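Asks: Note that the protein sequences, when read in sequence, are chains A and B.
The first sequence maps to residues 1 to 452 in our numbering.
The second sequence maps to residues 1001 to 1452 in our numbering.
Simulated from the structure, these hints should not be mistaken for lab results.
Please read all numbers here as calculations on a predicted model, not as lab measurements.
Straight line, CA to CA, 20 Å or less: simulated EDC-like cross-link-like pairs of lysine to aspartate or glutamate:
#	chain 1	residue 1	chain 2	residue 2
1	A	LYS371	A	GLU448
2	A	LYS269	B	ASP1210
3	A	LYS269	A	GLU289
4	B	LYS1312	A	GLU92
There are 2 protein chains.
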Amino acid sequence: MGEELEKLSTHLDNIRDLLYSDLRQLIEQPSVSARNEGIRECAELVKNMLEREGFDVKVYDADRPVIVASITSSDDRPTILMYNHYDVQPPEPLEEWNSDPFKLVERDGFLFGRGVADNKGDIAARLTAVRLLRHTYGELPVSLKWIIEGEEEVGSPNLGAFIKEHKDELNADACLWEAGDISDEGVPNLYLGVKGLLYVEISARTSSGDRHSMYAPVIPNPAWQLVQALNTLRGSDGRVKIKEFYRDVRRPSKKEAKLIRSIRLDANKLRQSLSVNRLTEKNRVKLVEKLIMSPTCNIAGLVSGYTGPGAKTIVPSTASVKIDFRLVPDQRPEKILTLLKRHLRRFGDFEVRVYAMESPARSNPDAAIVKAAEETAREVYGVSPNTWPSVPGTGPMSHLIQLGIPSAMLNCISHPGSNFHAPNENIAAKDLERSVIHLAMLMKRFAEKIGR
Amino acid sequence: MGEELEKLSTHLDNIRDLLYSDLRQLIEQPSVSARNEGIRECAELVKNMLEREGFDVKVYDADRPVIVASITSSDDRPTILMYNHYDVQPPEPLEEWNSDPFKLVERDGFLFGRGVADNKGDIAARLTAVRLLRHTYGELPVSLKWIIEGEEEVGSPNLGAFIKEHKDELNADACLWEAGDISDEGVPNLYLGVKGLLYVEISARTSSGDRHSMYAPVIPNPAWQLVQALNTLRGSDGRVKIKEFYRDVRRPSKKEAKLIRSIRLDANKLRQSLSVNRLTEKNRVKLVEKLIMSPTCNIAGLVSGYTGPGAKTIVPSTASVKIDFRLVPDQRPEKILTLLKRHLRRFGDFEVRVYAMESPARSNPDAAIVKAAEETAREVYGVSPNTWPSVPGTGPMSHLIQLGIPSAMLNCISHPGSNFHAPNENIAAKDLERSVIHLAMLMKRFAEKIGR
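Assemble the whole structure, with the sequences as input and the hints as a guide.
Replies: If you want it as structure tokens, here you go:
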């Protein structure tokens, strides 16, 4: 064990109780953004914890308040911005929980409770890391800014505008986004980017109501129109057939390609954990590349006519499909929407409704914050991390990357069985504690690298 | 007015009350097969009416009894079989009725009540026609058989087997199926056949549950699989692309083609009444031909993944489609099913579930019963009828045609606004009374043509 790691571990022993008491308080304060339950109370709780650790705290009032906190060092130290959210998913179905979702319960080394993985555990770990650094070194190696929103679980509808409006206030040398995770084999996963998203509903209507299907020979069927149009959107190989769809796709850099090749992913384990009958890609490297570098056109929902039990002989009056396009840099959801609409025009009279647009973004793998996280992860976990150029999913991280702030998910709180958004959400106590130490070390290392 | 017509009209005046009192009793006895409500009571009521008119009546016991009645003439007269059903559709939604569905109510010359058009009005008219013939001529010109089932509105699940089992008992020179109708312009519509039906549900499943759509690049999506397979089933012109699908389609005979050309159908009125934005065929003759002579592959229902409000980013685990194939002579539903399964095998692992199979059938337009109906319709209605080689829909008429009994819908009870299966079901009193006279005349004419 390195000297630094040993020192931090020893000091953590002295403040461990605070980590768990913070986490307990956060879990016991419900904060369900979907129904605005406990949101203000939770914001107040987080504010008090931040002030206790010496942060200057502003609470921007809104339906769900945004907290912006900061600790500014006296000298010109580099600044790290942190992003979290204090809201959680609804706990339902309650009957599937083995304990009260709003109590922190430990069983066999695992901590259970709504939000413990996503991402109140992360908030508690970061608060403790700040204290740990001061406790161990007498001061913080960096200036800190922290934005904690209360509506991530309902899609962060206002975050982009907020960041734009407060971009000077939030400016930093790097951003620690929400946490990464630890694989079943104990390998820390770090993520440097997000895919974008364009979520649309495409509908066709041909009459005021369903008609007897004896008229099928002579009246239009919107389900057939939709099926025919859909079939022109995507090939059986998954490739999107909209003209110019791939035009702005940035090829993986040499460094990104190297990272992709080095990622340890057990394809068979992935298949089993998803319980699908097969993966569409067998080669490990191609599997990783597809997962994080391929844009998609995915049917998320499809409905027309009669969908109940048994038979009903009708020509439907409407048909609609929900599609999520996951995008990669430098695709822009606004442009993809334009291309989609232009494409559809050739196949009939479709209505296109937009539910979500989010830009893709990837941070530079050579950024100091990434290097600092990789190096210290190796020391804390005893193994090289997987550095993923992107997650396969989408998040509002692009708003910061677009401002030129290298942003990434670099703390490893959760594990593949953490049950995000599901009953019995949990993290391992050991992972939580290691993440505190990793976080403290990576902040210090980052400051050393920046060398200010 | 012809002499015969005048005589029958005069005699009808004397027995008109019976027509309406029979109809009133039939309407006031609910007989909803879908929930077995009043079925036995209605069978008993019909049996009593039949016996009153001198029929020998057998009631075949079953969940919903089948009534078979007959009047055998002393000499060797030709035999007409009649088919009806004493059950009705459920009356819901009740709040949309302007009067009690189980009361016979007259307003402005129209008779309202559940079953008045489909097809208790027909039963009452036929009972009255029998009495009218006896009253006018002292005897019946034909021997009569009458099968009245109680589960037509739930798809006649046992009729085919019943007819096969009782084919000697039901044997006849011709069959009068349920009634035809009168167009808005006062033209009687006669129908000589039915389309067949193959109703299937095709499903795909790729995992045990829906998955986060970030995995879309590497896991199969059953909705896409289904869309791609569906697209191979049917061209955008509506033509079915299953190999050998059209192989057994019998071309319209010269006589049928001539009938099609002579049918008066207002395409614009049809479009308006269906309130569709357009018909897929503008030419009147082609429109009629498509409607009754083209087999179809119709999507009646389609569902996959998330179909609620808003967005949900998932890869669905299942996708399924309900398809009804309307078939024409000499396609067989069993064979089409085999062709379909063979076709689908090329596109993935689909489950095919069969909900309904019914054979198509058309009677010969030159059959004596058709000629008799056409001639007498001209006399009663003062206009040549439209003789449709087939209805666009499906019914169990094929079971009789396949036995070699010319069968057709030749009485004109309902009109385009009769609201079949819907609230405020109705017929015009005038149409009901004319159908009694037409029926009496066509029976007499039929006997003269057969000349026995």
